[in-house]
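Chains as they are written, first to last, in our numbering: chain A, 14 to 300; chain B, 15 to 174.
What the hints contain is simulated information worked out from the structure, not anything from laboratory work.
Incorrect hints may have been included.
Going by beta-carbon spacing under 10 Å, a handful of chain B positions derived as facing chain A [as the list claims (entries may be wrong)]: (1) G57; (2) R71; (3) A81; (4) G85; (5) L129; (6) L145.
We treat Cβ as the ideally placed atom computed from N, Cα and C, and that holds for glycine.
Given next are the chains, with one letter for each unit.
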Amino acid sequence: MHYSRPNSVAEAVNLLGGNTGNAFILAGGSDLLVRMKGGFVEPSLIVDIKAIAELRQIRATDKGFWIGAAVTCAELGESEMLRAAWPGVVEAANLIGSKQVQGRCTIAGNLCNASPAADSVPALVAAGARVHIVGPNGSRVTAVEDVPLSPGKTSLAPGEMVAAIELDERPAHASDAYIRFIPRTEMDIAVASAGINLTLDADGTIKTARVALGAVAPTVLRVDEAAEALVGTKLETAALERLAETCSAAARPIDDKRGTIAYRKSVVGVLAKRTAELAYKRARANS
Amino acid sequence: MNGIAVSTAINGDDIEFLCRPEETLLTVLRDRLGLMGAKEGCGTGDCGACSVRVDGRLVCSCLVLGAEVQGQVVETIEGMASGDSLHPLQEKFLEHAALQCGICTPGFLMAAKDLLERNPDPSEEEIRFGLAGNLCRCTGYDKIVRAVQDAAQVMRGDAA
Numbered sequence: 014m015h016y017s018r019p020n021s022v023a024e025a026v027n028l029l030g031g032n033t034g035n036a037f038i039l040a041g042g043s044d045l046l047v048r049m050k051g052g053f054v055e056p057s058l059i060v061d062i063k064a065i066a067e068l069r070q071i072r073a074t075d076k077g078f079w080i081g082a083a084v085t086c087a088e089l090g091e092s093e094m095l096r097a098a099w100p101g102v103v104e105a106a107n108l109i110g111s112k113q114v115q116g117r118c119t120i121a122g123n124l125c126n127a128s129p130a131a132d133s134v135p136a137l138v139a140a141g142a143r144v145h146i147v148g149p150n151g152s153r154v155t156a157v158e159d160v161p162l163s164p165g166k167t168s169l170a171p172g173e174m175v176a177a178i179e180l181d182e183r184p185a186h187a188s189d190a191y192i193r194f195i196p197r198t199e200m201d202i203a204v205a206s207a208g209i210n211l212t213l214d215a216d217g218t219i220k221t222a223r224v225a226l227g228a229v230a231p232t233v234l235r236v237d238e239a240a241e242a243l244v245g246t247k248l249e250t251a252a253l254e255r256l257a258e259t260c261s262a263a264a265r266p267i268d269d270k271r272g273t274i275a276y277r278k279s280v281v282g283v284l285a286k287r288t289a290e291l292a293y294k295r296a297r298a299n300s
Numbered sequence: 015m016n017g018i019a020v021s022t023a024i025n026g027d028d029i030e031f032l033c034r035p036e037e038t039l040l041t042v043l044r045d046r047l048g049l050m051g052a053k054e055g056c057g058t059g060d061c062g063a064c065s066v067r068v069d070g071r072l073v074c075s076c077l078v079l080g081a082e083v084q085g086q087v088v089e090t091i092e093g094m095a096s097g098d099s100l101h102p103l104q105e106k107f108l109e110h111a112a113l114q115c116g117i118c119t120p121g122f123l124m125a126a127k128d129l130l131e132r133n134p135d136p137s138e139e140e141i142r143f144g145l146a147g148n149l150c151r152c153t154g155y156d157k158i159v160r161a162v163q164d165a166a167q168v169m170r171g172d173a174a
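The whole structure should be built from the sequences, with the hints applied where relevant.
Take a look at the structure:
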């Protein structure tokens, strides 16, 4: 195995392109090193992207925010700018692992690990986040939900890597939230989760909504029918019930040690309601 | 040895070592540098027994490659006491008997130090969440939490 630490994106792309074996990107390593130790992957090349300055940055752009692929979740939590604009994305990122893991893990890594239960991914999908991908044929931008294909598989082509995740700037009366269910209070993996992003009118009527669910399908689920149930309402009881029904109906989870199919379908509806209420309250406060 | 040459600073000393690309920082600390304070518990980042700080961030050294600390500042449990003077956290862990077998203790001390340096006056809940990445299988957590609360008071300079 070779370890390399390029100083530029171009150099990283060259390294990945020139590699004929099994190359892996190393950002936080909280998934990669565990998989290496378990013998699940045997990299021939590791490209550590933490010495690439632009991948370490959180910055405001003319469209919103750029979060470099090597920015740690702890750094996201320390960014006043992001916490104010996208509290749901930040709270989701900050639920991943312990303090020790927070100091290393990244949302780009969480996305590329392609776990159905990844915490930051439903929040990013709800946020309408875009993924900036670089590779041998230049760069492209895609929606977050287009990256995971199935558990452990992404749509990234050989030689491609995520350079950054981009979020829009925030208008007034808009906010987001993410809630997951775990049987304990910390250090666990979601049984089911919901990320919701809302934009309101000045009078509190929901103008736009995006709803995404985690851990209830092979990949994150964007539920447009649930979002439609919210638009035009002020989150009255009927709208919340319709939200829960559509989310439960859209969920197609598996039975495993974390929960049964029936339980997950039921609880994801409850989570969606709570998440919508939190996002709505935040959006009302964001004037 | 055919390895990667790494220059780093550990507990204030400039250190150079050679390591294999797949070798973790924990292995480097223990097997190459004789710093045996960080322990291997799970080896997968769940137990916190190998906690150290790299460039001011608390990390599990079992999930960091040795090669990654090139040019970085590493802090381990060996740097916690000043000569013969124990750190207030170490004093309070002893006073409160916040350890039995001691395997988890270096990791808890590093995590608690990181917590108190970021938040000098944490609530009990904040301490419990802050130390959730460290597992203890014998003492239980109450004595550890009380030792951290007590040390926090000393470190803030409040009477006690």
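Hint by hint, here is what the structure shows:
no.	hint	result
1	G57	holds (6 Å)
2	R71	holds (4 Å)
3	A81	holds (5 Å)
4	G85	holds (9 Å)
5	L129	holds (8 Å)
6	L145	holds (8 Å)
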